[in-house]
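Colleague: Sequence:
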Amino acid sequence: MTLTRENSTVSIELLIYAAPAEMINNDYTILVIKDISDEKRRQAIEAIFLHDILNSAGAIKGVVDCMKKSSDIEESRELISCVSETTNMMIDGIKSQMDLIAAENRELKLNLSKFNLKAIIQKLIKQYDSSTCCEIKLQCEKDFIIKSDKVLVLRVVNNMIKNALEASEDEVINIGIQKKENHVEISIHNSKYIPRNIQLQIFKRSFSTKGKGRGLGTYSMKLIGEDHLKGYIRFTSEKDTGTRFVFGLQYLD
10 MTLTRENSTV SIELLIYAAP AEMINNDYTI LVIKDISDEK RRQAIEAIFL
60 HDILNSAGAI KGVVDCMKKS SDIEESRELI SCVSETTNMM IDGIKSQMDL
110 IAAENRELKL NLSKFNLKAI IQKLIKQYDS STCCEIKLQC EKDFIIKSDK
160 VLVLRVVNNM IKNALEASED EVINIGIQKK ENHVEISIHN SKYIPRNIQL
210 QIFKRSFSTK GKGRGLGTYS MKLIGEDHLK GYIRFTSEKD TGTRFVFGLQ
260 YLD
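Just so you know, my numbering puts 82 at position 73 of the sequence shown, and the rest follows in order with no gaps.
No lab work stands behind these hints: they were computed from the structure. For glycine and all other residues, C-beta sits at the position ideal for the given N, C-alpha and C. Warning: the hint list may mix true and false statements.
[Stated by the list, open to error] In the DSS-like style, the derived pairs of lysine-lysine whose C-alpha atoms are separated by at most 27 Å in a straight line are: (1) LYS118 / LYS132; (2) LYS49 / LYS70; (3) LYS171 / LYS127; (4) LYS188 / LYS171; (5) LYS156 / LYS201; (6) LYS104 / LYS77; (7) LYS156 / LYS146; (8) LYS156 / LYS239; (9) LYS239 / LYS189; (10) LYS171 / LYS159; (11) LYS118 / LYS146; (12) LYS248 / LYS189; (13) LYS132 / LYS231; (14) LYS78 / LYS146; (15) LYS189 / LYS104; (16) LYS127 / LYS189; (17) LYS231 / LYS189; (18) LYS231 / LYS104; (19) LYS156 / LYS127; (20) LYS213 / LYS104.
[What the hints assert, rightly or not] With beta-carbon atoms standing in for the labels, derived distance ranges: (21) LEU147 / LEU119: 24 to 32 Å; (22) ASN125 / ASN97: 38 to 46 Å; (23) LEU121 / ILE39: 50 to 58 Å; (24) LYS248 / VAL181: 13 to 21 Å; (25) LYS188 / LYS77: 51 to 59 Å; (26) LEU119 / VAL181: 31 to 39 Å; (27) ASN191 / ILE39: 50 to 58 Å; (28) MET76 / VAL19: 44 to 52 Å.
Work the whole structure out from these sequences, hints included.
Modeller: Put into structure tokens, the structure is as follows:
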């Protein structure tokens with residue numbers, strides 16, 4: 010269940026048990042509702058964290074094994090570079106989970122600074138050049154300077170890109186940056202349609218179409234992007250036009 014409490018989005022999981030109870034001259038139903046949010050949240054975070062860390066560790070081990078067999082200096086340098094990149098991804102994954110836990114506990118501290126939004130997104134896109142078959146195109150006519158937490162903004166945008174890539178197969182992912190009133194909007198579009206029943210649950214914690222132990226990506230986008238960065242997260246999905254997620258942030262003229 011997703012609630013709005015004091016202008017903040019709160020997700021809770023409930024265990025509900027109902028049983029008939031026959032008494033003299035009356036029939037009753039005993040209803041027990043238990044809040045198991047903490048347990049479910051811990052299970053989801055642990056499952057995703059361990060899944061991602063295990064994948065990264067496996068990739069590093071595979072490259073190190075190749076380095077042991079290689080006698081070519083240039084090849085070894087390339088493999089070392091690959092290890093470094095994968096290690097950075099592992100560290101980023103750990104920090105991402107730490108940020109999510111802090112955000113849910115209302116303990117996430119912002120590190121505000123002014124930065125060029127277009128420039129940091131261009132750097133983020135380059136990280137995907139060698140890891141995806143999809144083409145990622147950025148459309149932005151000018152530089153936009155915003156004041157926010159750069160790391161958290163990239164965290165939200167990165168989740169948006171990951172979701173688009175996972176939904177696409179060798180297709181083009183279009184990223185746009187444009188001014189909209191007093192905000193600057195980052196939009197990410199792919200051609201896939203999200204069925205209506207999934208759209209209604211897209212921001213619920215632990216809901217996922219990818220299987221058990223997933224489902225914190227869109228939830229964390231909403232939690233960090235709105236509750237902490239004071240922006241907004243929206244999306245539209247139509248059969249003819251595909252799916253577009255939008256992340257709006259206050260713009261500094």
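Colleague: Are the hints correct? Go through all of them and say.
Modeller: Against the structure, the hints come out as follows:
1. LYS118 / LYS132: Roughly 24 Å separates the two Cα atoms, so the pair holds.
2. LYS49 / LYS70: This hinted pair is violated, its Cα atoms lying about 31 Å apart.
3. LYS171 / LYS127: Given that 27 Å is the threshold and the Cα spacing comes to 18 Å, the pair holds.
4. LYS188 / LYS171: holds (24 Å)
5. LYS156 / LYS201: violated (33 Å)
6. LYS104 / LYS77: Distance ~30 Å between LYS104 and LYS77 Cα, so the pair is violated.
7. LYS156 / LYS146: Holds. LYS156 to LYS146 sits at ~24 Å (cutoff 27 Å).
8. LYS156 / LYS239: Given pair LYS156, LYS239 holds - Cα atoms ~12 Å apart, limit 27 Å.
9. LYS239 / LYS189: Distance ~16 Å between LYS239 and LYS189 Cα, so the pair holds.
10. LYS171 / LYS159: holds (18 Å)
11. LYS118 / LYS146: violated (32 Å)
12. LYS248 / LYS189: The given pair, whose Cα atoms are some 25 Å apart, holds under the 27 Å limit.
13. LYS132 / LYS231: Answer holds: LYS132 to LYS231 is near 23 Å, not above 27 Å.
14. LYS78 / LYS146: At roughly 38 Å apart (the allowed maximum being 27 Å), LYS146 and LYS78 break the hint.
15. LYS189 / LYS104: violated (31 Å)
16. LYS127 / LYS189: holds (15 Å)
17. LYS231 / LYS189: It holds: about 19 Å lies between the C-alpha atoms, which stays within 27 Å.
18. LYS231 / LYS104: holds (18 Å)
19. LYS156 / LYS127: holds (13 Å)
20. LYS213 / LYS104: Cα-Cα ~22 Å, so holds.
21. LEU147 / LEU119: 24 to 32 Å: Given range 24 to 32 Å: holds, Cβ gap about 26 Å.
22. ASN125 / ASN97: 38 to 46 Å: Between ASN125 and ASN97, where Cβ atoms are some 22 Å apart, the hint is violated.
23. LEU121 / ILE39: 50 to 58 Å: Holds, at about 52 Å.
24. LYS248 / VAL181: 13 to 21 Å: Once the Cβ atoms are compared, 18 Å apart, the range 13 to 21 Å for VAL181 and LYS248 holds.
25. LYS188 / LYS77: 51 to 59 Å: holds (53 Å)
26. LEU119 / VAL181: 31 to 39 Å: With a Cβ separation near 34 Å, LEU119 and VAL181 satisfy 31 to 39 Å, so the hint holds.
27. ASN191 / ILE39: 50 to 58 Å: The hinted range 50 to 58 Å holds for ASN191 and ILE39, with Cβ atoms some 53 Å apart.
28. MET76 / VAL19: 44 to 52 Å: Because 48 Å falls inside the window, the suggested range holds.
Consistency with the previously given hints fails for numbers 2, 5, 6, 11, 14, 15 and 22, ordered from lowest to highest.
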